[in-house]
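**Q** This is what each chain is made of:
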Amino acid sequence: MLQDKSIGGRLFDAVNYTLLFILSAITILPFIHVIAGSFTTVGELARKQFVIIPTVWSLEAYKFIFSTDVIFKALSVSVGVTLFGTLFSMLLTALMAYGLSKPHLLGRSAIMFIVVFTMLFNGGLIPSFLVVKEMGLIDSYAALVVPTAINAFNLIIMRNFFQNLPDGLEESAKIDGAGYWGIFTKIVIPLSIPAVATISLFYAVTYWNTYLPAILYLDDAAKWPVQVILRQIVVLASGLAGDTSDFGNDYVAPPAQTIKMAVIVVATVPILIVYPFLQKHFAKGALIGSIKG
Amino acid sequence: MKAATVKTASITAAAEKRTTGKWGRMWKDRTLYLMIIPGLLFFVIFKYLPMGGIVIAFQDYKPYEGLMKSEWVGFEHFERLFSEPDFLIILSNTLILFAMNLLFFFPIPIILALMLNEVRHSFFKRFVQTVVYIPHFMSWVIIVSISFIMLSMDRGLINELLAWMGFEKINFLMSNEWFRPMYVLQIIWREAGWGTIIYLAAMAAIDPQLYEAARMDGANRLRQIWHITLPSIRSVIIVLLILKIGDVLELGFEHIFLLLNSMNQEVAEIFDTYVYTAGLKQGEYSFSTAVGFFKSIVGLVLIMGANWIAKKAGEDGVY
Amino acid sequence: MNTVMKRKGVILAAALSMTLAAGCGNNNAGNDKNDQGAKPTDGAQATDKQTEKPAEPFKLSIMLDLHEPEVPSDKIEKMLEDISNTELDIQWVPDGSYDDKMNASFATGSLPQAVQLKNAASLNLFRDAIKDGQFWEIGPLLESYPNLSKLNKDVLNNTSVGGKIYALYRENALSRQGVIFRKDWADKVGLAAPTTIDELYNLMKAFKEQDPDGNGKDDTFGLTDRSDLIYGAFKTVSSYFGTPNNWGEKDGKLAPEFMFPEYIETMNFFKKLHQEGLINQDFPVTSKNDQQSLFASGKAGVYIGAMGDVQSLTDKVKEVNASGELDIQNRIEGPKGTGIWSTGGYGSVFLFPKSAIKSEDELKQVLSFFDHMMSPVAANLIQWGIEGEHHKIDGGSAIPTEDTDLTNREVKPYLSLQIGGQGTIEELLDPKFPMPVKAKSEELIKDNENILIDDPTLSLESKTNIEKGERLQEIVKDATYKYMMGDIDEAGFQKAVDKWLKDGGQAIIDEYNA
Numbered sequence: 001m002l003q004d005k006s007i008g009g010r011l012f013d014a015v016n017y018t019l020l021f022i023l024s025a026i027t028i029l030p031f032i033h034v035i036a037g038s039f040t041t042v043g044e045l046a047r048k049q050f051v052i053i054p055t056v057w058s059l060e061a062y063k064f065i066f067s068t069d070v071i072f073k074a075l076s077v078s079v080g081v082t083l084f085g086t087l088f089s090m091l092l093t094a095l096m097a098y099g100l101s102k103p104h105l106l107g108r109s110a111i112m113f114i115v116v117f118t119m120l121f122n123g124g125l126i127p128s129f130l131v132v133k134e135m136g137l138i139d140s141y142a143a144l145v146v147p148t149a150i151n152a153f154n155l156i157i158m159r160n161f162f163q164n165l166p167d168g169l170e171e172s173a174k175i176d177g178a179g180y181w182g183i184f185t186k187i188v189i190p191l192s193i194p195a196v197a198t199i200s201l202f203y204a205v206t207y208w209n210t211y212l213p214a215i216l217y218l219d220d221a222a223k224w225p226v227q228v229i230l231r232q233i234v235v236l237a238s239g240l241a242g243d244t245s246d247f248g249n250d251y252v253a254p255p256a257q258t259i260k261m262a263v264i265v266v267a268t269v270p271i272l273i274v275y276p277f278l279q280k281h282f283a284k285g286a287l288i289g290s291i292k293g
Numbered sequence: 001m002k003a004a005t006v007k008t009a010s011i012t013a014a015a016e017k018r019t020t021g022k023w024g025r026m027w028k029d030r031t032l033y034l035m036i037i038p039g040l041l042f043f044v045i046f047k048y049l050p051m052g053g054i055v056i057a058f059q060d061y062k063p064y065e066g067l068m069k070s071e072w073v074g075f076e077h078f079e080r081l082f083s084e085p086d087f088l089i090i091l092s093n094t095l096i097l098f099a100m101n102l103l104f105f106f107p108i109p110i111i112l113a114l115m116l117n118e119v120r121h122s123f124f125k126r127f128v129q130t131v132v133y134i135p136h137f138m139s140w141v142i143i144v145s146i147s148f149i150m151l152s153m154d155r156g157l158i159n160e161l162l163a164w165m166g167f168e169k170i171n172f173l174m175s176n177e178w179f180r181p182m183y184v185l186q187i188i189w190r191e192a193g194w195g196t197i198i199y200l201a202a203m204a205a206i207d208p209q210l211y212e213a214a215r216m217d218g219a220n221r222l223r224q225i226w227h228i229t230l231p232s233i234r235s236v237i238i239v240l241l242i243l244k245i246g247d248v249l250e251l252g253f254e255h256i257f258l259l260l261n262s263m264n265q266e267v268a269e270i271f272d273t274y275v276y277t278a279g280l281k282q283g284e285y286s287f288s289t290a291v292g293f294f295k296s297i298v299g300l301v302l303i304m305g306a307n308w309i310a311k312k313a314g315e316d317g318v319y
Numbered sequence: 001m002n003t004v005m006k007r008k009g010v011i012l013a014a015a016l017s018m019t020l021a022a023g024c025g026n027n028n029a030g031n032d033k034n035d036q037g038a039k040p041t042d043g044a045q046a047t048d049k050q051t052e053k054p055a056e057p058f059k060l061s062i063m064l065d066l067h068e069p070e071v072p073s074d075k076i077e078k079m080l081e082d083i084s085n086t087e088l089d090i091q092w093v094p095d096g097s098y099d100d101k102m103n104a105s106f107a108t109g110s111l112p113q114a115v116q117l118k119n120a121a122s123l124n125l126f127r128d129a130i131k132d133g134q135f136w137e138i139g140p141l142l143e144s145y146p147n148l149s150k151l152n153k154d155v156l157n158n159t160s161v162g163g164k165i166y167a168l169y170r171e172n173a174l175s176r177q178g179v180i181f182r183k184d185w186a187d188k189v190g191l192a193a194p195t196t197i198d199e200l201y202n203l204m205k206a207f208k209e210q211d212p213d214g215n216g217k218d219d220t221f222g223l224t225d226r227s228d229l230i231y232g233a234f235k236t237v238s239s240y241f242g243t244p245n246n247w248g249e250k251d252g253k254l255a256p257e258f259m260f261p262e263y264i265e266t267m268n269f270f271k272k273l274h275q276e277g278l279i280n281q282d283f284p285v286t287s288k289n290d291q292q293s294l295f296a297s298g299k300a301g302v303y304i305g306a307m308g309d310v311q312s313l314t315d316k317v318k319e320v321n322a323s324g325e326l327d328i329q330n331r332i333e334g335p336k337g338t339g340i341w342s343t344g345g346y347g348s349v350f351l352f353p354k355s356a357i358k359s360e361d362e363l364k365q366v367l368s369f370f371d372h373m374m375s376p377v378a379a380n381l382i383q384w385g386i387e388g389e390h391h392k393i394d395g396g397s398a399i400p401t402e403d404t405d406l407t408n409r410e411v412k413p414y415l416s417l418q419i420g421g422q423g424t425i426e427e428l429l430d431p432k433f434p435m436p437v438k439a440k441s442e443e444l445i446k447d448n449e450n451i452l453i454d455d456p457t458l459s460l461e462s463k464t465n466i467e468k469g470e471r472l473q474e475i476v477k478d479a480t481y482k483y484m485m486g487d488i489d490e491a492g493f494q495k496a497v498d499k500w501l502k503d504g505g506q507a508i509i510d511e512y513n514a
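In order, the protein sequences belong to chains D, C and P.
If you read the first sequence in the working numbering, its first letter stands for residue 1, the second for the next number, and so on.
If you read the second sequence in the working numbering, its first letter stands for residue 1, the second for the next number, and so on.
If you read the third sequence in the working numbering, its first letter stands for residue 1, the second for the next number, and so on.
Just so you know, the hints here were simulated from the structure itself, not pulled from any lab data.
Heads up, a few of these hints could be off.
As the list claims (entries may be wrong) - Restraint ranges, calculated between C-beta atoms of paired labels, are given here: (1) Thr196/P to Glu76/C: 21 to 27 Å; (2) Trp72/C to Asp510/P: 16 to 22 Å; (3) Glu76/C to Asp361/P: 51 to 57 Å; (4) Leu67/C to Asp510/P: 31 to 37 Å; (5) Leu103/C to Asn157/P: 43 to 49 Å; (6) Phe21/D to Glu212/C: 24 to 30 Å; (7) Gln209/C to Asp176/D: 22 to 28 Å; (8) Pro103/D to Trp23/C: 16 to 22 Å.
Predicted, not measured: the structure shown is a model, and the values here were computed from it.
We put the beta carbon where it would ideally sit given N, CA and C, even for glycine.
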């Protein structure tokens, strides 16, 4: 790509880069505080409140959370559920979205309305629980995936991407005798890598963050994903539950703030790493250029 | 060309009944329907089956009696909602927050995505992209507690700074005036970077030749953004806008619940927080469901309106 | 470490794919409650034949609140199973989502045989269902159990619904409330432990004005409080002023606490503290964590709340300032003498759903398990863990180990299984805390029992209160804070009380006085 060397262009770049830099700094500081807080002592956190670089370093919080294998187990459950869930969801979503991306399809509007309707109306927790129970999914990992397999929002976005693909390639493939299935697998999907990457990321993040279904549908605590533990620690350490459950502080002290922060780091970093790996698929115009060229 | 094929098909089938033509067309598209069916089944089983639960909005639902045996009360719960002395205040609070959300938050990810899209330096671009995406993963509990550290009157960093510069301390956390800006700023902080992802993906699909052609014509960067980038992501923007409008009464319960306190409750009380104390905390499932149903109806009306306008304007809409 | 993680990942992935493949057919993994409910006769026969051979262990499913970050190891669970000849199937539910899970299970008929309810408020929500006969009445059965029969009748009565007893309870100190303050600061400003409201005020004032930390800066204040009118400082101070506990008698009729002049006096006290800067300016929005952090970091010197907090607060204060020292005090005298509000004497309770327990014989077996939990061995195991591992015994008292991480992981979660407590189980070891001030807190908590202010409505019932009480309470809560912050005056507060009366409060008063 050509570099814009004009004065206006340079001015534009200067302003743009500066703004983005300031913005990044503002967004990252709280997260740095969390990381720093996980590597220091309770005393330091109480003294300084907002820590960027700890003056006292400590690995105690991590020693504590890694001293049993609970967090490892929970992390591996989360990784498994996220991987399988994302694959399963992408399969269903991409198929349905492609089917619905053809404007000539009879009943398309009606089906889309059926989908949009579910974004607004839902029967609530208990009826959903009943369906999951009747399907025999209680206490299986499938309960974390199947009941949320398609997200209406993601489906609509995916369909929108498919719809915006240039018609030409598909038409010529049709003339060559390819059916919808062939066009979908050989042309549409390869052309839609940025969309596939985006929606996969959305699903992965949703599966990674899932906790209420895990608590509701998994009676066996050994199957809990890491978010359940994270949530529990944050709720306890922030004192959101302590008083009402009335154990008081007499016998049960809430976990330390440093431990809370360490668990946040451990439960968040794995999913944070996903994005940079996907970023190369967002490279501007890379795909269309290569296929057309 | 597509239209032409359809036309010939319908002419040849003219002798047959109209329905047969329809069935014929559907048979031709059978692969597409087969692709749709698994997803449709999902929606029927996991979304529409449980929707039967909405009937409890018209019942005096008791969990142990179930849907079948609970007493029917008609619109009693809706009457209770509409006759709630604070109903109008709650409604206007909700609408104002929604309007602010739409006005001040919605455009931010678009602008940020445009800015990122103009960055040529690939390492810097990736760095910024990754950094602004991080806050999305921090729960509201954490974000609100960090805000507290910043904004508290006792030793909040921002208030310390104000005091140091000789200004009066500002009671951000307990004032009616600051609640809304604080709410919107926190949403921007958490979701702006995350929101760029869809737009960046849409921009990735733009044909680079378009930019080269524009540059030949002497268009500067702003003009390229205006004439090429924005029009290319227009349909995504419109789809997201329509969906956002349908979300009118969904403002993030957990977030507002954490910000809400006795001192700003006049502006911060929304339907969700109201339902929490008036319904859920009391085990009043029927009333909670009725309020939820009311919210859904409002959302449905708005989304249908927005979609209708979009279609009139020649856009695809969401259905 | 890396390879271990990798291996675990692979094993898990394989297990997961199997589960996913098994899909719908995966509902029989010991999870089918009907399975256990379907053969109560077997169980009954087993008890009959007890004399012939050791009975088969009784299978018991139970839902427990998890108030620790992680599910405990099953070491203690195994020992409890042996003691009671039971095979336990414990469903741990994280505290933050406990009610969601319980309600969903209840509405879908999938509750286990014994269900823990977190507190009195949860029990209140189940009143209708209990009256409808969804849970077993256990009152008449308790007498026949050696340990359960020792449960306190008054407390059981506080848990009763329609005059009948349905719940087993875990004992809670009747009142833990008191004042925790910086002893080293009080010494520095030359003040003794406060015994009256005025002395308490003077202590706070001195902590603000006399530079108790000696750093030459005006950066300290008196009281640190949080956004909680009940477990924070407010309700405790209101007791000092002689305010009734939630409801009190006025002209021979029950009236809510905020219609008493003492409540207004309490608000005036806090208003003054706020105006003079003796309390954290943000107290209506401060979280418990931030509240304690102000105390720990040496900004504030007085903390009013659960006296047991003194141990963890001491640890935190010493982290920041090794010479920091704390002391505690109860019996703060006000214009009407001393007094302190009391709880109902119970924390969590257990209910027994009829959907899971099919016969009275089965119910008796379930109760027999809980009777075992009150036996000296089991009760001490639940409270103190294993001797030599989690505690030492010295002169008939238990000294808990210093390794609190260990007890938090292996012992504390099982507190959810506790029935009764110090007051009902004689052989339950008394704690002996190495920290003197913590030991003192135990004494003062006992002493509080002499000056209790009871809530007269505990065993009364008001339909309107069950339906609208929470929402109505918000009106008064908001007005109370606004008054203390100086946003509204007494007329404004009265307006809120009128709104409370109009929106349903009058009905509550009438129902309680009926």
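**Q** Each hint should be assessed against the structure and marked as holding or not.
**A** Hints and how they fare:
1. Thr196/P to Glu76/C: 21 to 27 Å: 53 Å, violated
2. Trp72/C to Asp510/P: 16 to 22 Å: 28 Å, violated
3. Glu76/C to Asp361/P: 51 to 57 Å: 43 Å, violated
4. Leu67/C to Asp510/P: 31 to 37 Å: 34 Å, holds
5. Leu103/C to Asn157/P: 43 to 49 Å: About 58 Å separates the Cβ atoms of Leu103/C and Asn157/P, which means 43 to 49 Å is violated.
6. Phe21/D to Glu212/C: 24 to 30 Å: 29 Å, holds
7. Gln209/C to Asp176/D: 22 to 28 Å: Since Gln209/C and Asp176/D have Cβ atoms about 25 Å apart, the given range 22 to 28 Å holds.
8. Pro103/D to Trp23/C: 16 to 22 Å: 19 Å, holds
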